[in-house]
Amino acid sequence: MTAYVSIEGVARRYGPTTIFQDVWFGIAQGEFVCLVGHSGCGKTTILNILAGLEAPDDGAVIVDGEAITGPSLDRAVVFQGHALMPWMTAAGNVAFAISCRHRDWSRAACDAAAREALKRVGLDHAADRKPAELSGGMKQRVGIARALAIHPKMLLMDEPFSALDALTRGALQDEVARLVAESEQTGFMITHDVDEAILLADRILLMSNGPEARIAEVVVNTLPKPRTRANLHHMPGYHALRDHILDFLIARSRAFKADAPPAGWSARSVPEVSPALSAPPLAAE
Amino acid sequence: MSASVSLWRSAGLSLLILALFLGAWEIAVMPKSGGGGPALDPEYAALLGQAAAQGGTTPMPGPSAIGVRLLELLADPFYVRGPNDQGIGVQIAYSLLRVGAGFGLAAIIAIPLGFVIGMSPLLNAALNPFIQVLRPVSPLAWMPLALYSIKDSAISGVFVIFICSIWPMLLNTAFGVATVRREWLNVARTLEAGRWRTAIRVILPAAAPTIVTGMRISIGIAWLVIVAAEMLVGGTGIGYWVWNQWNNLSIADIVIAILMIGLVGLALDRLLGLGARAVAWRE
Ligand SMILES: Nc1ncnc2c1ncn2[C@@H]1O[C@H](COP(=O)(O)OP(=O)(O)O)[C@@H](O)[C@H]1O
Ligand SMILES: [Mg+2]
Numbered sequence: 001m002t003a004y005v006s007i008e009g010v011a012r013r014y015g016p017t018t019i020f021q022d023v024w025f026g027i028a029q030g031e032f033v034c035l036v037g038h039s040g041c042g043k044t045t046i047l048n049i050l051a052g053l054e055a056p057d058d059g060a061v062i063v064d065g066e067a068i069t070g071p072s073l074d075r076a077v078v079f080q081g082h083a084l085m086p087w088m089t090a091a092g093n094v095a096f097a098i099s100c101r102h103r104d105w106s107r108a109a110c111d112a113a114a115r116e117a118l119k120r121v122g123l124d125h126a127a128d129r130k131p132a133e134l135s136g137g138m139k140q141r142v143g144i145a146r147a148l149a150i151h152p153k154m155l156l157m158d159e160p161f162s163a164l165d166a167l168t169r170g171a172l173q174d175e176v177a178r179l180v181a182e183s184e185q186t187g188f189m190i191t192h193d194v195d196e197a198i199l200l201a202d203r204i205l206l207m208s209n210g211p212e213a214r215i216a217e218v219v220v221n222t223l224p225k226p227r228t229r230a231n232l233h234h235m236p237g238y239h240a241l242r243d244h245i246l247d248f249l250i251a252r253s254r255a256f257k258a259d260a261p262p263a264g265w266s267a268r269s270v271p272e273v274s275p276a277l278s279a280p281p282l283a284a285e
Numbered sequence: 286m287s288a289s290v291s292l293w294r295s296a297g298l299s300l301l302i303l304a305l306f307l308g309a310w311e312i313a314v315m316p317k318s319g320g321g322g323p324a325l326d327p328e329y330a331a332l333l334g335q336a337a338a339q340g341g342t343t344p345m346p347g348p349s350a351i352g353v354r355l356l357e358l359l360a361d362p363f364y365v366r367g368p369n370d371q372g373i374g375v376q377i378a379y380s381l382l383r384v385g386a387g388f389g390l391a392a393i394i395a396i397p398l399g400f401v402i403g404m405s406p407l408l409n410a411a412l413n414p415f416i417q418v419l420r421p422v423s424p425l426a427w428m429p430l431a432l433y434s435i436k437d438s439a440i441s442g443v444f445v446i447f448i449c450s451i452w453p454m455l456l457n458t459a460f461g462v463a464t465v466r467r468e469w470l471n472v473a474r475t476l477e478a479g480r481w482r483t484a485i486r487v488i489l490p491a492a493a494p495t496i497v498t499g500m501r502i503s504i505g506i507a508w509l510v511i512v513a514a515e516m517l518v519g520g521t522g523i524g525y526w527v528w529n530q531w532n533n534l535s536i537a538d539i540v541i542a543i544l545m546i547g548l549v550g551l552a553l554d555r556l557l558g559l560g561a562r563a564v565a566w567r568e
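Protein sequence lines, in the order shown, are assigned to chains A and B. Each step along the first sequence adds one to the number in our numbering, with nothing skipped, and position 16 is 16. Each step along the second sequence adds one to the number in our numbering, with nothing skipped, and position 162 is 447.
Source of the hints: derived by calculation from the structure; they are not laboratory data. Being a predicted model, the structure only gives us computed values, none of them experimental. Take these hints with a grain of salt, some might be off.
[Unchecked claim] Looking from chain A toward chain B, a few residues come up when the C-beta cut is under 8 Å (computed): (1) A67; (2) I68; (3) P71; (4) V77; (5) G81; (6) P86; (7) W87; (8) F96; (9) C100.
For each residue, glycine too, the CB sits at the ideal point set by N, CA and C.
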């Protein structure tokens, strides 16, 4: 597999404490990867390094064969706290991003494209409202529209739905699944929500607990697409997949020790498992 | 406690307090030669001296006398009869001109400089000691130095306004710029917005409420200081006019000047308040 981005031996240290090190993984063109792990293991740091917002203490991020030196319009970020500018309207926020991508576009062209982008996330009616006049879910939609409007090669999302209520979160998950499938968007997302990861991800990276965290396992999601929250839990193999990830979060994430790793584990080629394939077939009716 | 009270009730109470105050004042300064009053103690009359002996006219005018004088002044506020006799409107205009010039100059320097200081932690740390030492200096302490080096009393007045209004604007701009939310800057960085676009589209609007607050503090201080500065340098302006009326012992004019200074100060503050409304944002 030729990766579009590859993370090679990345580390973050604060003084004597190593939050994580020797983190290697790649993301192929059109692939959607989720990173799952407990709070504080360094997920946000990895995303920021991938975005180019932070430099790693070791290692590098290679995009299209070259090490990145900073943020790029090719890697759009959906921030955890939406990060909309409160003095701009929803359309203004998106238009600002578009005007950064297309320096030669007129103000009117940027505004029209912004409204088009908001329409895709179902927010055309709220284009002229300020963020303070939007609900949490609507704000996050504007953040997603802003990221997608610049047609990035890769979409980076840091727990984009964690601050939302369950109903809004579900609706947005389906919507992002649809948007990602439509445009075959390459993506990387951090989440706490196992179902969210199964819904969106082609591969799920499981990170062990910090300090000294590593990518402990890679779970390949073999469930067929298109997936929606409505059909997900009826799919054969779903429960095996879900149980596998939960087991990791509950027990193996803590037990994993990089200096005494399980047999077959190495930092540069983390074992891949496909729990949904090896699952026993559903009992026939 | 501070639940909204109806405007009518609060305005009514304000008017009542004003009426009581003016009424008490009027009575307090009334001639003491009442018809039905008790006979004056001769010793008390002696203490009161000349004024009482002449029938009770005190030098302190009552509100009615001041009101009459106010109408007189406002009938022709902009007359100019030679350099030492100009209407109260002309004097206020001179003061406003000085404040405008000094404040405007300070804003032109303080806001860009504050921007640079706010963006650079190094420059912030390096300039901080100077700012901390200069900021608490009374602007009037600069006056002799200004008069000595500039050799022009009018420009010295503007300089004093400049020096007193620069600090709040400088500090507030630097603070506002330095504390712009990290995530907004990260948005700009991931969009490759560039320095200039980030400064104009992100940092400036984010810091604008703090900057305008600094401007509001500055203009308040400038208006306080201009009166004192004009008393010192003389010539023109509302401060000079107050001092001149004191030399003429025109107490009514001094009271009117106090009222005018208060009203103009309020108007200036409200003006900046409108500016603050225009740049305010809410999350
Ligand atoms: N300035 C710092 N000094 C020391 N430790 C830090 C600092 N900043 C972050 N950390 C630690 O780095 C770890 C990784 O943080 P983060 O990437 O935000 O984790 P996650 O997103 O997985 O919850 C956390 O355990 C946090 O305590
Ligand atoms: Mg995080």
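Here's how the hints hold up against the structure:
1. The restraint placing A67 of chain A at the interface with chain B is violated, with a minimum CB-CB distance near 17 Å, outside the 8 Å limit.
2. Hint on I68 of chain A is violated. Least Cβ distance to chain B is approximately 12 Å, over the 8 Å limit.
3. Look at P71 of chain A: its Cβ gets to within about 4 Å of chain B, closer than 8 Å, so that hint holds up.
4. Annotation: interface hint on V77 of chain A holds; nearest CB of chain B at approximately 5 Å, less than 8 Å.
5. At its closest, the beta carbon of G81 of chain A sits 6 Å from a beta carbon of chain B; the interface hint therefore holds under the 8 Å criterion.
6. Given the 8 Å rule on beta carbons, the hint for P86 of chain A holds: about 4 Å separates it from the nearest Cβ of chain B.
7. Residue-level restraint check for W87 of chain A holds (minimum Cβ-Cβ distance to chain B is 4 Å; threshold 8 Å).
8. Using the Cβ-Cβ criterion of 8 Å, the hint placing F96 of chain A at the interface with chain B is satisfied: the shortest such distance is roughly 6 Å.
9. Given the 8 Å rule on beta carbons, the hint for C100 of chain A holds: about 4 Å separates it from the nearest Cβ of chain B.
Checked against the numbered hints above, the structure violates hints 1, 2; every other hint is satisfied.
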